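Q: Note that the protein sequences, when read in sequence, are chains V and A.
Going by my numbering, the first sequence opens with residue 1, and the numbers climb by one from there.
Going by my numbering, the second sequence opens with residue 1, and the numbers climb by one from there.
Derived from the structure by calculation, the hints contain no laboratory data.
Please read these numbers as outputs of a predicted model, since none were measured by experiment.
Be aware that a few hints might be false.
When the alpha-carbon atoms are kept at most 16 angstroms apart in a straight line, the in silico EDC-like pairs for lysine to aspartate or glutamate are as follows [unchecked claim]: (1) Lys549(A) with Glu473(A); (2) Lys506(A) with Glu130(V); (3) Lys213(V) with Glu129(V); (4) Lys506(A) with Glu129(V); (5) Lys506(A) with Glu473(A); (6) Lys213(V) with Glu130(V).
Facing chain A, according to a computed beta carbon distance under 7 angstroms, are these residues of chain V, among others [what the hints assert, rightly or not]: (7) Thr90; (8) Met94; (9) Gly110; (10) Leu164; (11) Gly166; (12) Lys167.
Don't be surprised by glycine CBs; every beta carbon is placed ideally from N, CA and C.
Okay, here's what each chain looks like letter by letter:
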Amino acid sequence: MSRYTASGLSFLLDGEEVPMAPGDTVLQAAHRVGRYIPHLCWHPGLPAHGSCRLCMVNFNGRPVSACTALAAPGAVVECQTPALQAERRTLLQMLFVEGNHFCPSCERSGNCLLQATAYQHEMAGPHFEEFYPGRPVDASHPDMLLDHNRCILCGLCVRASELLDGKSVFAIAGHGTRCHLVVDSPSGQLGDSALSVHDQAAGICPVGALMPKRVGFRDPIGQRRYDLHRVDEPHSQEAAPPADEETP
Amino acid sequence: MEATVRTVLARHANQPQALVQILRELQAEQGWLPREALMAVAQATGRTVADVEGVASFYRFLHLVPVGRYRVLFSDNITDRMQGSVALMERLCRRLGVAPGAVRADGRVSVAPCSCTGLGDQGPALLINHHQVITRLTEERVDAIADCIERQLPPAQWPAEWMQVEDPVHRADVLLGTPFAPGSALQAARALGRNGTLEQVQRSGLRGRGGAGFATGLKWELCRDAPGAQRCVVCNADEGEPGTFKDRVLLRRHAHLVVEGMTLAAWAVGARRGFIYLRGEYRFLLEHLQEVLRQRRAAGLLGPDIQGEAGFDFDIEIHVGAGAYVCGEESALLNSLEGHRGTPRIRPPFPVEVGYLGQPTTVNNVETFCAVAHILLRGGDWWASLGTPKSTGTKVHAISGDCARPGVYEYPLGTPVERMLEDCGAADTQAVQVGGPSGTCLSVTEFGRCIAYEDVPSAGALMVFDRRRDMFEVARNFAHFFAHESCGFCTPCRVGTELLARRMDKLAAGHGSRHDMSVLQELDTLLHQSTHCGLGAAACNPLRDTLLKFRPSYERRLQSLHFLPALDLDAELSIARAATGRQDAAAHWPPSHPTTP
Numbered sequence: 001m002s003r004y005t006a007s008g009l010s011f012l013l014d015g016e017e018v019p020m021a022p023g024d025t026v027l028q029a030a031h032r033v034g035r036y037i038p039h040l041c042w043h044p045g046l047p048a049h050g051s052c053r054l055c056m057v058n059f060n061g062r063p064v065s066a067c068t069a070l071a072a073p074g075a076v077v078e079c080q081t082p083a084l085q086a087e088r089r090t091l092l093q094m095l096f097v098e099g100n101h102f103c104p105s106c107e108r109s110g111n112c113l114l115q116a117t118a119y120q121h122e123m124a125g126p127h128f129e130e131f132y133p134g135r136p137v138d139a140s141h142p143d144m145l146l147d148h149n150r151c152i153l154c155g156l157c158v159r160a161s162e163l164l165d166g167k168s169v170f171a172i173a174g175h176g177t178r179c180h181l182v183v184d185s186p187s188g189q190l191g192d193s194a195l196s197v198h199d200q201a202a203g204i205c206p207v208g209a210l211m212p213k214r215v216g217f218r219d220p221i222g223q224r225r226y227d228l229h230r231v232d233e234p235h236s237q238e239a240a241p242p243a244d245e246e247t248p
Numbered sequence: 001m002e003a004t005v006r007t008v009l010a011r012h013a014n015q016p017q018a019l020v021q022i023l024r025e026l027q028a029e030q031g032w033l034p035r036e037a038l039m040a041v042a043q044a045t046g047r048t049v050a051d052v053e054g055v056a057s058f059y060r061f062l063h064l065v066p067v068g069r070y071r072v073l074f075s076d077n078i079t080d081r082m083q084g085s086v087a088l089m090e091r092l093c094r095r096l097g098v099a100p101g102a103v104r105a106d107g108r109v110s111v112a113p114c115s116c117t118g119l120g121d122q123g124p125a126l127l128i129n130h131h132q133v134i135t136r137l138t139e140e141r142v143d144a145i146a147d148c149i150e151r152q153l154p155p156a157q158w159p160a161e162w163m164q165v166e167d168p169v170h171r172a173d174v175l176l177g178t179p180f181a182p183g184s185a186l187q188a189a190r191a192l193g194r195n196g197t198l199e200q201v202q203r204s205g206l207r208g209r210g211g212a213g214f215a216t217g218l219k220w221e222l223c224r225d226a227p228g229a230q231r232c233v234v235c236n237a238d239e240g241e242p243g244t245f246k247d248r249v250l251l252r253r254h255a256h257l258v259v260e261g262m263t264l265a266a267w268a269v270g271a272r273r274g275f276i277y278l279r280g281e282y283r284f285l286l287e288h289l290q291e292v293l294r295q296r297r298a299a300g301l302l303g304p305d306i307q308g309e310a311g312f313d314f315d316i317e318i319h320v321g322a323g324a325y326v327c328g329e330e331s332a333l334l335n336s337l338e339g340h341r342g343t344p345r346i347r348p349p350f351p352v353e354v355g356y357l358g359q360p361t362t363v364n365n366v367e368t369f370c371a372v373a374h375i376l377l378r379g380g381d382w383w384a385s386l387g388t389p390k391s392t393g394t395k396v397h398a399i400s401g402d403c404a405r406p407g408v409y410e411y412p413l414g415t416p417v418e419r420m421l422e423d424c425g426a427a428d429t430q431a432v433q434v435g436g437p438s439g440t441c442l443s444v445t446e447f448g449r450c451i452a453y454e455d456v457p458s459a460g461a462l463m464v465f466d467r468r469r470d471m472f473e474v475a476r477n478f479a480h481f482f483a484h485e486s487c488g489f490c491t492p493c494r495v496g497t498e499l500l501a502r503r504m505d506k507l508a509a510g511h512g513s514r515h516d517m518s519v520l521q522e523l524d525t526l527l528h529q530s531t532h533c534g535l536g537a538a539a540c541n542p543l544r545d546t547l548l549k550f551r552p553s554y555e556r557r558l559q560s561l562h563f564l565p566a567l568d569l570d571a572e573l574s575i576a577r578a579a580t581g582r583q584d585a586a587a588h589w590p591p592s593h594p595t596t597p
């Protein structure tokens, strides 16, 4: 039997018990049992970043990010409150106006965690004025496309390349709204980097910023992940959890 | 260039954690940081070029594209603005024929604003080449600066009086008014032993002077007790909060006190290594501080076996920042110290457990260390008898703005604001910003309130605004400050501070409506709840305070009670009118359709 149920430790997430192990973050424990806490910059198997802030929950009454807050036995965690849902919708609107996101023309449409999360949060429009930043597209790599217009600076590719692929192809540069992804190569172009289409970093982007070329419409629109699943269904947010993540 | 890169790298033994220092020193030689230099640094330090680029592009004072050989930065704090900095910057740009923020075609000069140079008591001020400061700017001085630049005179040869920085202390209490003999507090501490030293600090009830107010003795105890072979003491001299300059004065007039306080901390927690993290704007203090460290090493007050005490080894390095306000946050400061982007870390673990290079680290403010040295000389109970029960001792304040005697004032905590206004010669005051933009704005009905953790906490800045000032413009200046200084790490701060600044600009341009006010309030709630660190959480404080206390200054900017777009629709139509040759009523917005054609 799993060490989680054996430990007997748990906390309450929106009134339901979630088993936990010492050292778990709230999001880790919830994800393990298929409970959905909205997130964009978190991925099972990678250390938490805490940057997108979509996973804000009330932890014993205090707002914290579920991906960085350590779970505590007996804690009362609220996630799906109307106030938190409204705040998440505002955060999503911020991400949409900051970059250049045009879902109808994006080949990631239907497979995009940002788009699916926005639908889930009933985001009907941008609400804020669009920034329309001028961001270049890097198409220099034979197998991959890097479109900075859609990058939400979640840092998943940075962490995956460093920790899973051992390559450190990416880094975040700049500050404030001028933050952007940079590539480790003499020219700064993706085509001159060590990135391979088979790298874990190549497949981890939750939006359409880093995409493999020539496979965009292999799955037709209407048959894609979030066409078939709601984003809050267990484990529908990203690929199946790695084998080392124990399920109770 | 290759030789310069090699020399700078050798000076730091190719250490990856010295990256910010390496880049700063390289740029001081080269003017900017070409990609080849980044690649050479990356190779020597064993880091990727993307990583080095990420770090270099984080700091406002590092440049990946050429800037002027004379890089002029005008302090853009609200008090500098009140002293006329905007017109003076325009004047310099005009004289030199350069647009703000741009490089002149011949590459000689660029002129731009920067957040705050920490010279609010003698502004308007500017910074040349991230090194020399010029105070008390006037039209004549600006014209003379333009001449110096045109004649290509090196800034070191400009008139010394321009670079004169005064340290006016108008009220000294126990901290600034008592003579101090270097080494005396250390002697007292050694007599007490390491535990006895910590006990005195705890008895004093001293709370950190950087703003957060965490108990210093508890911080030291946690650091001492955390597991780890090496420990570290860091002096946070990244005084970036606009309106504060008390640490500048302490570092210039009382450097021995600061360093002695750090050494006491090292004694109490068992640290052998220390850093002074000096903000980039205070680069002009570096030689002075290095001289103090040299003197103390020579006197046996730093280095191995301090004061002959076997095993009491401690030494200090100075790390110069590169223009990033967020590095005042202690975990961001540690990232910067390790040669990374200055983004705040996830906490826990706290720096007292996992700090510099994973070692238990105590980070304290300049003034905290000064207070500790006096506490060891006169005892914790003595300090606890000053101030109020929860806010013991005295506090040093930097007062600037609309007052006759700007400068530094030391008062026991619990002193009412009106007393301070009286002492600094403020008249007809309508508002006081306590603790800088991230602090509290008090209106005239609140001047009886006291500076103390029980009432109005302060990191040590008081900006005074008399009735001539428009408090909306004050809040707008602060909004731009936060947008400029956001590290960009988390969504609400990165995007929210920019949205806030743009919305305030929309109001300032006369396009405001009630809708904008509700959006501002929505941003306030969201940022306060959801940001990764205190910068974003505080970014809406000036908005909230001024909206509450100076609402008319907002409302007179509203054109409509309903939504109003930021653009002028009729003006946008002018191109279409010109193209079609129409000037009739229906070609204007709002359209008016005559009933008869």
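Q: Against chain A, with CB atoms and a cut of 7 angstroms, does the hint on Leu164(V) hold up?
A: violated (16 angstroms)
Q: Check whether the Cα positions of Lys506(A) and Glu130(V) lie no farther apart than 16 angstroms.
A: holds (14 angstroms)
Q: Return the status of the interface hint for Gly110(V): holds when the least beta-carbon distance to chain A is below 7 angstroms, violated otherwise.
A: violated (23 angstroms)
Q: Between the alpha carbons of Lys549(A) and Glu473(A), is the straight-line distance 16 angstroms or under?
A: Holds, at roughly 14 angstroms.
Q: Holds or violated: is there a CB of chain A closer than 7 angstroms to the CB of Met94(V)?
A: holds (4 angstroms)
Q: Assess, step by step, whether the Cα of Lys213(V) is no farther than 16 angstroms from the Cα of Glu129(V), and give holds or violated.
A: violated (32 angstroms)
Q: Classify the hint on Lys167(V) as holds or violated, based on whether any CB of chain A lies nearer than 7 angstroms to its CB.
A: violated (9 angstroms)
Q: Answer holds if the nearest beta-carbon of chain A is closer than 7 angstroms to that of Gly166(V); otherwise answer violated.
A: violated (12 angstroms)
Q: Within a Cα-Cα threshold of 16 angstroms, do Lys213(V) and Glu130(V) meet the stated pairing?
A: violated (28 angstroms)
Q: Would the hint on Thr90(V) be counted as holding, given a Cβ-Cβ threshold of 7 angstroms to chain A?
A: Nearest chain A Cβ about 5 angstroms off; hint holds.
Q: Could you grab the alpha-carbon distance between Lys506(A) and Glu473(A) and see if it respects the 16 angstroms cut-off?
A: holds (12 angstroms)
Q: For Lys506(A) and Glu129(V), compute the direct alpha-carbon distance and say whether it is at most 16 angstroms.
A: holds (11 angstroms)
Checked against the numbered hints above, the structure violates hints 3, 6, 9, 10, 11 and 12; every other hint is satisfied.
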